[in-house]
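Visitor: Starting from the structure of chain A, add chain B where the hints point.
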Amino acid sequence: MGQQIPIVDYLVLEGSAPHLVAHVCTNCGALYFDRRNACGNCGKREFDTRALGTEGAVRSFTIVHRAAPGVPTPYVSAIVVLDGGGVVKSNVLNCPPDPDHVRLGMRVRLTTFVAGTDDDGTEAIAFGFEAA
Amino acid sequence: MSGDNVWVLGAAMTKFGRYADKDLVDLGSDAALDALDDGGVTIHDMDVLAAGNMAEAMSGVGQRIQKQIGQTGIPVYNVTNACATGATAIRSVYLAIKAGEADMGLAIGVEKMGKQGLLGAAGKARGDRKVFEPGGRYGAVMGVEGVLGTGLMPGVFAQAGMEYANEHDGVGFEQFAKVAEKNHAHSTLNPLAQYQKAFSLDEVMNAEMMSYPNTLLMCCPTGDGAAAVVLVSEERLRSLSPEQRSRAVKISASVMTSDPWTDTDQVQPDVNTLTRQAAAKAYDIAGVDPQDLDLVELHDCFATAELIHYDNLQLCKPGDAGKFIDERGPWRDGAIPVNVSGGLISKGHPLGATGIANVYEVSTHLRGEAGDRQIPDARVGLTHVIGLGSACAIHVLEKAAL
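Protein chains in written order, with our numbering: chain A, 350 to 481; chain B, 5 to 406.
Treat the hints loosely; a few may be bogus.
Stretches of chain B that chain A covers, calculated by requiring three or more beta carbons in the stretch to come under 8 angstroms of a beta carbon on chain A [what the hints assert, rightly or not]:
#1 104-113
#2 165-171
#3 208-222
#4 265-271
Calculated directly from the structure, the hints in this document are not laboratory data.
For each residue, glycine too, the CB sits at the ideal point set by N, CA and C.
Extracted from the complex, chain A is given alone in its bound form (with noise of 0.2 angstroms):
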């Protein structure tokens, strides 16, 4: 069995339950997941790691069904805005991807799954929601 590895460095998978983390300015409060260089809002240069929380609710979504090559069909993306602070992106899992299912306002929470293995069988461990 390999290691595993989170799909992307704002996924914590050590510790307790596998979580999000956001760059906080110190300024302003702003969160971002990616790198920085300087707080988009305010402009200052000083960040804080912070912990995001694990549930949320859906604000909008899609369902894909012509998608990039490779990309299984149909999926859910949904904008999920997390208890606590945060907006993120990423899919709806086990919840049959049509309208009548995934409704604006669900109340979700965070799980995880194997997004896909390398060669030398070290797993990329991704995020998604499910209903909560």
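Guide: Below, chain B alone, put in the same frame as chain A:
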């Protein structure tokens, strides 16, 4: 400030579609020469040239077109700004005239896309790496498209529309579909549209689903085409013939914005805030009330996008975009006709040309020269484009005496 106005002297566009026998330079030259002829001027009258294009942006598109239509030594600006590229070319000429460096200039927008397919797939292709190694600004070890949501255009704009549906009552799949029903119907009157075929609401809703709620008939096509305008200072316009003066269209506002920071825009592009800011500024500068508009050409890259811009551009009461389309407000015989050209959805969307083709469309109506699709007695119109990333450009155009 009245003496500082910039006017549209000439305007032209090619039919949008697919041109196997014409390259970028052919299409750009066609539109440029037609716009010069339309304005009753020549390339030798131009003090500045701006060329907008995405796909061959590194190739000196403006100079390549100059070498076909006239190398006069004037400054050339090659610009690119996503789907706002054409409007950015217009503004480059507009600013040169405003600055007093030019009296007259030519803005060209051109694109050859062919059957390019879905736009916006970002990041690495899946399976490229044999050994996972974090890279990029998110430390991704593999392509994330389709794994961590979608960044493809049909989905991004679907999510933008569904955000609006989440916040407002009376907005759903049917309202979004009605937008496409309207634009396809409008396009049947426009001989320059890439497609000129009407579809029923049922046909729109039952077409192949691309990215819910956007079906195939709710997505703009890729294609080829070009558009061009000749802009002139008010002072120079006064020296031209009565016919040139009578057909000239006043640019009452030319505004560009980028997306201000919001707490979600780096995750899901926010096409609303910058449009709202641009619209407010444009109405203020022009002294025009949204309810005074006789027609609007707005950026309907997807049906979901058009609906939310009814609200962003203040064409309806706040939150009433669903009601506005339900009551046929944006149809050509409605309260404020929107996209009577057929819009991007049916007229087509050759990226670099779009932000000039909409100025051609509105100008043609203000001149009373739009033929079968003429909006009667049109006196004031608005054009709007969004380049994702984002850039928004709005022009308010008026029929005015000089």
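Visitor: If you count the residues of the region 208-222 of chain B with a beta-carbon closer than 8 angstroms to a beta-carbon of chain A, do you get 3 or more?
Guide: holds (count 7)
Visitor: How about the region 165-171 of chain B: do at least three of its residues have a C-beta closer than 8 angstroms to a C-beta of chain A?
Guide: It holds, with 4 qualifying residues against the three required.
Visitor: Taking 8 angstroms as the Cβ threshold, is the statement that the region 265-271 of chain B is covered by chain A upheld or broken by the three-residue rule?
Guide: holds (count 5)
Visitor: Between the region 104-113 of chain B and chain A, are there enough contacts, at least three residues with CB-CB distance under 8 angstroms, for the coverage claim to hold?
Guide: violated (count 0)
Taken one by one, the earlier hints fail for this structure only at number 1.
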